[in-house]
Amino acid sequence: MRAAALLLALLAWPAQAAWEWSAPLAVNSVQGAAIFPHLESANRRGVAVSGDTVAVVWEDNRDGSPHCYLATKPAAAAAFQPEIRLSQGDCYEPVVAALGDGRFVAAWEEAGRAHARVLPGGAALKLSDTEAAQVTLAVAGERMYAAWAEQAGRFRRIVVARLALEGDALSVKTRRPVEAKKPADEQGWPALAAKKDGSVTVAWEDRRDRHTVPMVSYSRDGRRFARPARLTDQASGSMDGLGAGTGAMRPTLAAWGEKGIAAAWLDKRDFLSGYDVYAALDGGTRRFGKNIRVQDSFGDNMVQWHATVVGDAGGRLLALWDDPRDGTPDVWLSEWDGKAFGDDLAVPAASGPGAQSDPVATLDAAGSLHVVWLDRDEAAGTGIRYARAVWR
Amino acid sequence: MKRIGVMLAASFLWATTVLADPPPGYPFVGYDAGLAAARASGKPIFLYFGRYGCAWCDHTNKQTFSDASLKKLYTKNYVLVYVDAESGKRLTLPSGERITEAELGVRLQAFATPLFVYLTPQGDKIVQIPGFKTVQDFREYDRYVRGGHYKQKSLLEFLGDKP
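Residue numbers (the working numbering), protein chains in the order written: chain A, 1 to 392; chain B, 1 to 163.
Simulated from the structure, these hints should not be mistaken for laboratory data. The beta carbon of each residue, even a glycine, is placed where N, CA and C say it ideally should be. Among the hints, a few may not be true.
Derived DEER-like restraints, expressed as beta-carbon distance ranges [claimed, not checked]:
#1 ASP63(A) with VAL29(B): 25 to 31 Å
#2 ASP326(A) with LEU156(B): 48 to 54 Å
#3 SER65(A) with ILE129(B): 31 to 37 Å
#4 ARG220(A) with SER95(B): 43 to 49 Å
#5 GLU140(B) with GLN88(A): 49 to 55 Å
#6 MET239(A) with PRO121(B): 35 to 41 Å
#7 LYS339(A) with THR75(B): 51 to 57 Å
#8 GLU140(B) with ARG316(A): 39 to 45 Å
Chain B is nowhere near these chain A residues, computed Cβ spacing over 10 Å in every case [unchecked claim]:
#9 GLN31
#10 PRO177
#11 SER238
#12 SER297
#13 PRO324
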């Protein structure tokens, strides 16, 4: 009898495991009705965990013009330390990545150029000589990459740089466009995923087919890139002679498991219900498989926004986004179970009355999930909130 | 040289027929320029929220906005603003918040393109209407907006009052 009870308990245990969330914390120390913080960035890399320190980056206009800020806290601390300003001039779409031992690298657009800096300490480095925007970062072991959208004639194209670090000093070791030829139409919003073997995968929005298509390429070393492939398995083409194809935008990438890369993006293939979250997985073959719809049926007739994907070396993989299926925008997550993305779960502190949106997230080395989002309040001003979840 | 000219003309024709951008010949401007022009002129804003490559935008452009009298009516009486649903181009809302054109779709909860939004000269939303619409539809919306009926009734109520 006891053995049977133990067996039942063991069988039931995995089903009862769930994310256990900490109380939400305020990240930005300055709020106001006319202060507008934003977490938007290429690959939505607005939070990182390095050693025992959490870092969050964002942009807001508290000083009368847009500037980028970074706030940190020790993982066990009950509050974030007051933020520091990263930029001197107008700044947009900052990202942050972990370097280990409590150190970070941040990147942002300032005065029409991509910049990066190591924190704490370090000086800002201009990454691009020509007009650039939508910079992002990826770090794996000793290897560090940045990517951005850079003006090349009439349109922007994607450039990937390998960065080197000596002490607190960053430098650009190599800087290569994914394609040598001038772009035929606009490219933007790059996403990166790096592996410890030095390889890097880059995805971006591309309009060469006269509509927006997420594309992807791969390089063993950041010097030579494979011919771009489409992430979406939807063909381009007009409908009864009209238009050029459905839209798909803002691809995000995450390294996942030992060899895998996951991609997620917003996809309008069902054009009457707004954007849905779609994903594709590369198990290590450098080829992404068929597209997978992420959100569950309860989110089908609802428009999804601000999708991001996060993974860890242990094989955990999650997608997060916001949608208003319960009346107001809430932050949702769905976890890959090996065959499909599971039921959508509302992030407790980022759901319910009011508008909670724009999630950015990361998984730390212990598998804890760190989520940051915007909590909109027209009277009090928009707050940036943070919560950590542990799988128990 | 002549051959290059023919190729350029052909590529231009291809671009204008395939792309779902604003309808040709209309003086559409960006959001910030349009808001400034509307404030200066006192004209309401007609905001076309379209998507690059969007089939229904293309259809609306060809079937509806090709009408010369509609073009005259809207060009004369509105500040025409075009916003690209997937663009990272920046704009500043009347509140002072700076967002991207794509993010404007989030704020409008846009679920389909084209989406047509009528705004006061100060940039406050009057009404938003998704999907393909006819010339007659746009004439009715114009009566609703410029006649000031939106101050008393919803668009549906206004359209229901028609004889």
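The hints, checked one at a time:
Checked against the given bound of 25 to 31 Å, the beta carbons of ASP63(A) and VAL29(B), roughly 29 Å apart, stay inside it. Between ASP326(A) and LEU156(B) the beta carbons are some 25 Å apart, a value that contradicts the proposed interval 48 to 54 Å. The beta-carbon spacing between SER65(A) and ILE129(B), approximately 35 Å, falls within the hinted interval of 31 to 37 Å. The given range of 43 to 49 Å is respected by ARG220(A) and SER95(B), whose C-beta atoms sit roughly 47 Å from each other.
Hint check: GLU140(B) to GLN88(A), Cβ distance near 52 Å, so the stated range 49 to 55 Å holds. Checked against the given bound of 35 to 41 Å, the beta carbons of MET239(A) and PRO121(B), roughly 37 Å apart, stay inside it. Look at LYS339(A) against THR75(B): about 55 Å separates their beta carbons, and that is inside 51 to 57 Å. Distance hint for GLU140(B) and ARG316(A): a CB-CB separation of about 54 Å, inconsistent with the stated range 39 to 45 Å.
Chain B leaves GLN31(A) outside its interface by the beta-carbon criterion, the shortest separation being 14 Å against a cut-off of 10 Å. In this structure PRO177(A) is separated from chain B by more than 10 Å, as the shortest Cβ-Cβ distance comes to about 19 Å. Once the 10 Å rule is applied to beta carbons, SER238(A) is inconsistent with being away from chain B; the minimum gap is 7 Å. Every beta carbon of chain B lies more than 10 Å from that of SER297(A), the smallest distance being close to 17 Å; the non-interface claim holds.
Its closest Cβ contact with chain B, about 7 Å, brings PRO324(A) to no more than 10 Å, contrary to its assignment away from the interface.
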